[in-house]
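Asker: If you read the protein sequences in the order shown, they are chains A and B. Heads up: the first sequence begins at 1 in full-length UniProt numbering, then just goes up one per residue. Heads up: the second sequence begins at 1 in full-length UniProt numbering, then just goes up one per residue.
A portion of the hints provided could be inaccurate.
Claimed, not checked - Coverage of chain B stretches by chain A, computed from C-beta distances (three or more under 8 Å per stretch; other residues unrestricted):
1) 132-144
2) 184-190
3) 249-256
4) 270-278
If you are wondering where the hints come from, they were derived from the structure by calculation, not from laboratory data. Idealized CB from N, CA, C, for every residue including glycine.
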Amino acid sequence: MANRLIGWALLGYLALILVFILAPIVSSFVFSFNAGRFPSLPWAGFSTQWYAAVLSDSAIRSGLINSLIVAACTSVIATALGFTAAYTDYRYTFTGKSIYMAVAMLPPNVPVMILGLAMLVYQSELSLSGALYSVIIAHVVYCAPFAMALIRLRLSQMDADLEAAAWNLGASQGQAIRHVIIPFTLPSILAALFLTMAVSFDEFAMAWFVSGFQETLPVRILVLLQREVSPRVNAIGSIVFLVTIVLAAVALFLSSGRRRDEAAPVPASSQRDAL
Amino acid sequence: MPSEAARAPAIPVGRQGMSRGLFGVMLAAPMLIWQVLLFVAPLCFLVMMTFWSVRNYKLAPDFTFANWQKVLSTGYFWDIYLRTLLYALLAAGITSLVSFPGAFYLSYRIPAGLRRSFLFLLITPYFTSYLVRIYSWKILLTDQGLINLGLGALGLGPFRMYSNLFGTTVGYVTLCFPLVLLIQMISLSNVDRNLIEAAHNLGCGRLRTVFEVIIPSAKVGLVLAATFAFILSFGDFVSPTLLGGSKPPTLSILMVDTVRSGSDWPRASVIAMVMVATLLACGLGALRLAYGGRKAGR
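If we strip away everything but chain A, and leave its shape as in the complex, we get (with noise of 0.2 Å):
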């Protein structure tokens, strides 16, 4: 009896934390749609107003024109640099090579507005700074460890002896690669691409100190809050949060959908048959 008292107990306090996260998104979205100015109470009627302002606003489009070609970019490159280092990780032992994990883990243990400083200063120290490209860098910069850690997790699934294997049996490591590990590891490279993208997309501390005139979206974000208090943010957050929950949804759904079938015991070849 007690402990169901305290696993409903429990049950609701996990309700309030939900409502918690969700509050404010749910709000945000309610209020894109009121015709008032104000987010209070009385509703004012039902309006898209303020999507039609936002969309017709040009700084607002290009920032999410900006936002999207740095997202594309960011995601293809960083989430190829992290295969490469997660492969590293599970094929090679070397000296330094736990140097080498962690430079290519600590970026974003480091806060965003230090590394947004230091690449400002590097960036137009080397007349790098203010161009979409200098966000890429960075945001590239800050995403491959974690594409990284979404492949390396995959790859520790995998049995070692399939791509020895494949070796023996006369592949290069190239061709092992190609027909083997990419295959197997192709759920976590998508998933890769699409949380990177989502990252990237949503990323403005660093994107605000070097993008100049090339704002992305969140940094042309920052600007208004900074302004304003206007109630088309309410509109453009509900835009970037459903960019954003589809991608990292898609994300979520990529990496974990797989680990399911893999918690049945099923032999190693035929999971790879499966693929």
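Position chain B relative to chain A; hints supplied.
Answerer: This is chain B only, laid out in the frame that chain A set:
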């Protein structure tokens, strides 16, 4: 997938194409080159920048300790430093406490399918605009916000929940919560169930099991989670700006102001270095706390 490799003639490894070592180097190199040139080098340059000087709003390579002296000798810098430290510690503590029952429930008392759904709901918002989530808190927390409206209808309030420490802390918790919950959950799931069974069999009550068996066994993860919360809050700019009203400022606000007022990047770099040093010290301290002390068998 039938691979073409299977049809290729059997050649011993290493004969075909380049040597194993060279191939490995080629795979290891891209990440290393990128992160050394574009992560390690900028940080090193930031250290160097702290010794440069600014003349007529222009940066000039130099070797002077003036920036360090200027920053470290002002009283308000240390006020801000101390405040940021306390805020971040508070945020780490609160987030850990708030998250623990949730992590506990998710790791011990919920079927796997339901856990996945909950995790999904908890974690996806983490990847969506932090800026907008923080801004959205305004709708709820201001004096005319939804919470105060609700409380007003009950004849309570209005409570000041915005433009103060409360608002800032709400923002910090929003920022750190999913990560803390996830790490706590993983570390709780890794606690040996036999230990818990044994405690029960020996007549240990529920709460006592939690405090004397589960928490010590999961200590590493719990400390790690709190450390991440500390790191995130310590460097955060958005919560203290948008929910705390940026007064009194935190270190990141001070740093941004220093960057923007004129081009005093060297002094901003000093602030950044002090932050990095603090985080390193706290990180090492947390590692000692997590792994040191009494060795708990596992």
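Asker: It remains to establish, for every hint, whether it holds in the given structure.
Answerer: Hint check:
Counting residues of the stretch 132-144 of chain B whose CB lies closer than 8 Å to any CB of chain A gives 10, so the stated coverage by that chain holds, three being the minimum. Counting residues of the stretch 184-190 of chain B whose C-beta sits closer than 8 Å to any C-beta of chain A gives 0, which falls short of three, so the coverage hint is violated. Proximity of the stretch 249-256 of chain B to chain A, defined as three or more residues with a beta carbon under 8 Å from a beta carbon of that chain, is established by the 3 residues found. With 3 residues carrying a beta carbon less than 8 Å from a beta carbon of chain A, the stretch 270-278 of chain B meets the three-residue requirement, and the given coverage holds.
When the structure is compared with the earlier hints, a violation turns up for hint 2 alone.
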